[in-house]
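In case you want the letters, here they are:
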Amino acid sequence: MRVGVVTFPGSLDDADARRAVSLAGADAVALWHADADLHGVDAVVLPGGFSYGDYLRCGAIARFAPVMTEVVAAAERGLPVLGICNGFQVLCESHLLPGALIRNDHRKFNCVDQELVIENASTAWTSAYSAGQRVVVPLKNGEGGYVADDATLDRLEGEGRVVARYAGDNPNGSYRSIAGITNDRGNVVGLMPHPEHAVEQLTGPTTDGLAFFTSVLTAAVTA
Amino acid sequence: MARVVVDVMLKPEILDPQGKAVAQALPRLGFDGIAGVRQGKRFELEVDGDVTEERLTQIRNAAETLLSNPVIEDYTVHVETP
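The listed protein sequences correspond, in order, to chains S and L.
Under the numbering used here, the first sequence has 178 at position 178, and the numbering climbs by one with no breaks.
Under the numbering used here, the second sequence has 33 at position 33, and the numbering climbs by one with no breaks.
Derived by calculation from the structure, the hints in this document are not laboratory data.
Any given hint could be a false lead.
Said to hold, decoys possible - Derived pair list, reagent style DSS-like, types lysine-lysine, alpha-carbon separation capped at 30 Å:
(1) S:Lys140 <-> S:Lys108
(2) L:Lys20 <-> S:Lys140
(3) S:Lys108 <-> L:Lys41
(4) S:Lys108 <-> L:Lys20
Based on the sequences and whatever the hints tell you, model everything.
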């Protein structure tokens with residue numbers, strides 16, 4: 001099982017994502033933004049950070065990177081893709097996921113250990129959780145407010161496509177406290193908090209995030 | 001050289017935290033009577049040669065795909081006369 005992690009100019013959490021992939025028991029493959037080749041990986045992680053300096057809009061320029069053409073095509077064929085933080089922004093800008101992410105409503109950068117409720121435990125990236133499970137992983141962003149029109153939000157909730165919601169106070173003004181969503185097929189997941197920073201006791205608040213990366217091991221086998 | 005201007009604004013229903021911050025700062029500095037502020041982006045595109053209808057169509061396409069995110073933003077395109 002080989003999981004690719006894309007590095008864009010300005011990616012920040014690519015090394016941590018590769019480390020999480022390895023700890024989960026898969027081979028981490030570094031993918032380069034300018035290389036229009038997925039090198040035969042079985043899944044892709046778009047990591048957090050500030051691709052292209054967040055110029056224009058977060059994720060707006062990364063969307064046009066050569067590697068993204070391949071990621072979008074493969075995602076449409078069912079390849080598991082996880083976008084974390086900036087990766088979530090890239091997935092929304094690429095229209096693989098609906099909605100968009102805007103500046104936090106309180107205008108401050110957030111950096112907290114955040115409790116989440118996993119609502120959908122049947123996606124490629126959450127099957128190792130159980131629905132309703134509470135987890136704690138770091139949340140760190142300046143533009144993490146998830147927005148979409150009411151019809152889209154109703155559809156996401158109606159189809160069970162809200163993957164995770166913030167527990168307790170809404171940390172960034174996300175509509176309906178949405179922390180993560182999936183596409184209708186369940187292979188593409190976007191998540192604002194950072195499970196890759198919660199995979200080891202030494203450096204994370206918990207190891208709750210590891211199951212995102214173990215989930216995809218079974219997804220690839222059954223895909 | 002002609003100039004085409006693309007103005008991008010957040011849709012009215014999307015919260016604008018930056019605009020809100022500016023709106024709160026104005027009365028603190030004594031600028032009264034401002035009921036609200038929305039902050040947007042202005043792109044000035046210098047066009048080689050004449051602004052043809054074909055060129056404008058391309059620019060509208062660029063505004064729709066790159067310069068704005070139609071999920072959260074509206075845009076307008078106009079030719080600026082010198």
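Cross-check of the supplied hints:
no. : hint                  : result
1   : S:Lys140 <-> S:Lys108 : 10 Å, holds
2   : L:Lys20 <-> S:Lys140  : 22 Å, holds
3   : S:Lys108 <-> L:Lys41  : 21 Å, holds
4   : S:Lys108 <-> L:Lys20  : 13 Å, holds
Against the hints set out earlier in the document, no violation occurs for any number.
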